[in-house]
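Here the protein sequences come in this chain order: A and B.
When you read off a place in the first sequence, starting at 1, and then add 24, the result is the number in our numbering.
When you read off a place in the second sequence, starting at 1, and then add 601, the result is the number in our numbering.
It cannot be assumed that every hint is accurate.
[Claimed, not checked] Derived Cβ-Cβ restraints for the label pairs, each shown as a range: (1) A:T62 / B:V655: 56 to 66 angstroms; (2) A:D104 / B:N824: 41 to 51 angstroms; (3) A:S100 / B:T807: 55 to 65 angstroms.
[Unchecked claim] Sample of chain B residues lacking proximity to chain A, with all beta carbon distances greater than 10 angstroms (derived): (4) S657; (5) E673; (6) A767; (7) W771; (8) G836; (9) T881; (10) V885; (11) T888; (12) H920; (13) Q947.
It is worth saying that the hints were derived from the structure and are not from the lab.
None of these values were measured; they are calculated from a predicted model.
Glycine included, C-beta positions come from ideal geometry on N, C-alpha and C.
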Amino acid sequence: MGLKCLLVAGSLAMSMSMAVDAASGGLSCAMSMPAVLTAGAPAELRWSLRNTGAKPVSVLSWNTPLEGGIFAEFLSLERDGKALPFSGALMKRGDPEAGEYLRLAPGQAEEAVIDLGLAWPVDAPGHYRLRYTGRLLDVAEAGAALPRPRDAWRGQALDCPELSFERRP
Amino acid sequence: MPHARWLSLSATALALGLSAQAHAAAPIAVSLSLDSAAAKGSEDVYVTVTLKNVSSQPAKLLRWLAPVGELEEGIFHITRDGKDVPYQGAHYKRVAPTAKDYITIKPGQSLTRRVELSNAYDLTVSGQYAISYDVAAVNLFGDLDKNQAALKAGQYQAMQALDSQAANLWVNGLSYSESLIQKANETNAVTPAAFGISFTGRCSSTRQALLRDAVTAAQNMSNNALSYLNAGTAGPRYTTWFGTYTSARYATAKSHFTNIYSAMSTQSLTLDCSCKKSGTYAYVYPTQPYKIYLCGAFWNAPMTGTDSKGGTLVHEMSHFNVVAGTDDHAYGQSSAKSLAISSPDQALDNADNHEYFAENTPAQN
Numbered sequence: 025m026g027l028k029c030l031l032v033a034g035s036l037a038m039s040m041s042m043a044v045d046a047a048s049g050g051l052s053c054a055m056s057m058p059a060v061l062t063a064g065a066p067a068e069l070r071w072s073l074r075n076t077g078a079k080p081v082s083v084l085s086w087n088t089p090l091e092g093g094i095f096a097e098f099l100s101l102e103r104d105g106k107a108l109p110f111s112g113a114l115m116k117r118g119d120p121e122a123g124e125y126l127r128l129a130p131g132q133a134e135e136a137v138i139d140l141g142l143a144w145p146v147d148a149p150g151h152y153r154l155r156y157t158g159r160l161l162d163v164a165e166a167g168a169a170l171p172r173p174r175d176a177w178r179g180q181a182l183d184c185p186e187l188s189f190e191r192r193p
Numbered sequence: 602m603p604h605a606r607w608l609s610l611s612a613t614a615l616a617l618g619l620s621a622q623a624h625a626a627a628p629i630a631v632s633l634s635l636d637s638a639a640a641k642g643s644e645d646v647y648v649t650v651t652l653k654n655v656s657s658q659p660a661k662l663l664r665w666l667a668p669v670g671e672l673e674e675g676i677f678h679i680t681r682d683g684k685d686v687p688y689q690g691a692h693y694k695r696v697a698p699t700a701k702d703y704i705t706i707k708p709g710q711s712l713t714r715r716v717e718l719s720n721a722y723d724l725t726v727s728g729q730y731a732i733s734y735d736v737a738a739v740n741l742f743g744d745l746d747k748n749q750a751a752l753k754a755g756q757y758q759a760m761q762a763l764d765s766q767a768a769n770l771w772v773n774g775l776s777y778s779e780s781l782i783q784k785a786n787e788t789n790a791v792t793p794a795a796f797g798i799s800f801t802g803r804c805s806s807t808r809q810a811l812l813r814d815a816v817t818a819a820q821n822m823s824n825n826a827l828s829y830l831n832a833g834t835a836g837p838r839y840t841t842w843f844g845t846y847t848s849a850r851y852a853t854a855k856s857h858f859t860n861i862y863s864a865m866s867t868q869s870l871t872l873d874c875s876c877k878k879s880g881t882y883a884y885v886y887p888t889q890p891y892k893i894y895l896c897g898a899f900w901n902a903p904m905t906g907t908d909s910k911g912g913t914l915v916h917e918m919s920h921f922n923v924v925a926g927t928d929d930h931a932y933g934q935s936s937a938k939s940l941a942i943s944s945p946d947q948a949l950d951n952a953d954n955h956e957y958f959a960e961n962t963p964a965q966n
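Just chain B, with the same shape it has in the complex (with noise of 0.2 angstroms):
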């Protein structure tokens, strides 16, 4: 937020000649307060943000930069040891603001909202960190009429800024070369097309593990399916998920598989925790491989068995062109059990019939 605070002083600066009210006394007070004044750099860190009106009135406050949810914009400003540490969450383009992009608190009343940081800041180094609310916009409290007749009339609009007080947080935790050589495994900045995963679309920490976790179970699962093929077993588990045995089909199903596991383990992944669709467990574009996005129902998941997380990735990972170019022909255990018997080619074409054959649950020779 540096720029965003220079941007303010310096328009506030240029509206002061049009403006007699350019800079009025914001109608919000904001107190930040943190769950421990020290924190390890492993841990999800979260501030506590308290947004009270001392106006007479109803104070109204730009949704988007107002500290009510998961960030939308880079709305805090933290130093660490006095140097700022950037934001790395997401950025909206936006339209102009309408007047249901506000939110309202009523005089002498507070909002309190718990809102996560270490999904958008950098908050694993070592170090003395001061974190400070800290927004400037046109347009910030709402006063879209008068901003409106502002702008008619050829003048400028005056920014309106909010910040508040900063709170300190101790993190014990990597040092920043440590930092640095992690962040160069998680990109595969160094060592391009070796295995690696780095993260997009704000994974918090809790989730990053999760999801490491879950690739270690999709190499496990990938690995066991291939060892079964290509010991050339044609057990209920094949028949089950890939229909009637043909040399033809078995020799797809094992190449599928070799390819499934040597991506699985060699390639670097990013996965992505920014969709919220619940019904839906994940989903990818199968020219773009190694980019798997995360949804709501994968994280209610098992780590292993059915549907679970582990063989969500075997899944997506299948879709891929470069890997095995399935599709969607059928969803769901019974469904694709019912696609094996009637048409296993499609089954072999088919991601949820991998993914059953790869958890093999309940277990099958």
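Okay, chain A solo, but in the shape it has when bound (with noise of 0.2 angstroms):
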């Protein structure tokens, strides 16, 4: 079974080198991760989506790790210029179920760290870049009826600039 394990950020230490924000409508996105790996470190990159703007909204978890793992090819990976192949899950959705929203305040924040190495191969020494390449599915406003089914959802892009690191040899 190959269940991708999620790590909820709680006190990982971890050189917080790279941090990128991004605003798009109302949401950031931040990606962190240790801007150097020794041979053999686990390639965990922290994740987080906030609310900046000044309404609740909720916003469906499918297509980014807060979704608890690696469900769909949401980032892009390269090493030394080179696209790197995706092996974690691909989904066939259907309809959500309310459970499956994330609820954000205006100012608060939702993080999760994954794993790279259960879906890329980043074991190989080089210099990796890494895009967040996924779309929110579904972004709603407080008081909107959820969940909605997949033709009422109002999707939204989510601009994540990219970050890089090194794996030494």
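Relying on the hints, combine the two individually framed chains into one complex.
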């Protein structure tokens, strides 16, 4: 069984050498990782989503690490300029359940840590670039009736500026 | 469970010298009953288990050895004509139990649950079966503080055991040799790389039958899609799901469906029932052909038509890198239609577009 593990970010000591934010429609995305990984060290990406708007929003967790693992190809990775193949899970989605939405109060953030090695070959030494290429499938304002079916989703692009890291031999 | 039973006896023997109450009377009495004393080998078999607290205090029982839901361990001891029938269900790696890992039954009260056996034990072979509940574990009854104190004092922790009388079941099903042949076909142990279906993740007999029908439906749909493309048709059915015609894109669609139909009808498929996500139909790992995990929404889907069982298998098959290597760029019919208009190249890389083309519902030419 290949369910990917999620580490709910707690007190992981990380050198927060790269942290980038980008606002997109009241939601901002941040990614961080150590800038240098020694051989064998897990490639753990910390990913967070913050409500920067003035009203609460509900976000469908699919297509993001907040779902609890890598259940979609929401990142694009390169090693030394070459795209890396994805080997995580690809899911056929139906209509979501209420529990699959995350409610974010104004200013509130949710974050998760994923081990990139579970879905991309990140063990080899080299210079890696990483971009979030997912799209939020459904973003609802307070008061919207949730869950709602696929055809009623209001998707939204989410900019997470790329980051890079080195894997040492 | 015979091994666990042996372990229980030997551990109890070890503990005897150190603990005066190594094997106190169990606070819970367990009884089993079957829906019927006879079964056909093809049907699901359930046992009804009643746990009664026969002590004067609240009784606790370790949840994952309690017969209260889907089996998480081989907690039944089953024999067929006197020979052990092995447990084939899940095994979990556990951490030490804490107080929340126990169910509690009040004094004098009973708890009754129906538990499926046929998804975790092979009950398809003809014979006389004896089924009993039989577990043993340190901490079975939740004396966590006492056990912790014993551990600190350097003493052995006593094993605690609980079992029931056997319930008898006569199965009039397959002969043993037929069963072996069926298993060989299912696992393709005999003829690798030939078409076959095997099951993992505890698919019930009912679900196994649904999955066999779903594979047939997926073969029919993908064959129909391939015939359409082989004929060179580029009608509304093609343009709705794959956008404006170009010969290069049409060739891509044709090669995708050549591979989908071929894999669906000639490869060894493994279908897994362990996923419970109710808003998800199914998933695969694209680098691991041909294993498909079916999730909650799959079981409510129709056999054919939009978002059907057959179509879901086509969708998943298209994901494997060795088949068509598709991605999930858009979900659902309306998004898939939009994608075909805005980006035909992405539509040809989107699994739902392949599924809807194959399902062709409502039908277009």
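Which numbered hints turn out to be false for this structure?
3, 9, 10, 11 and 12
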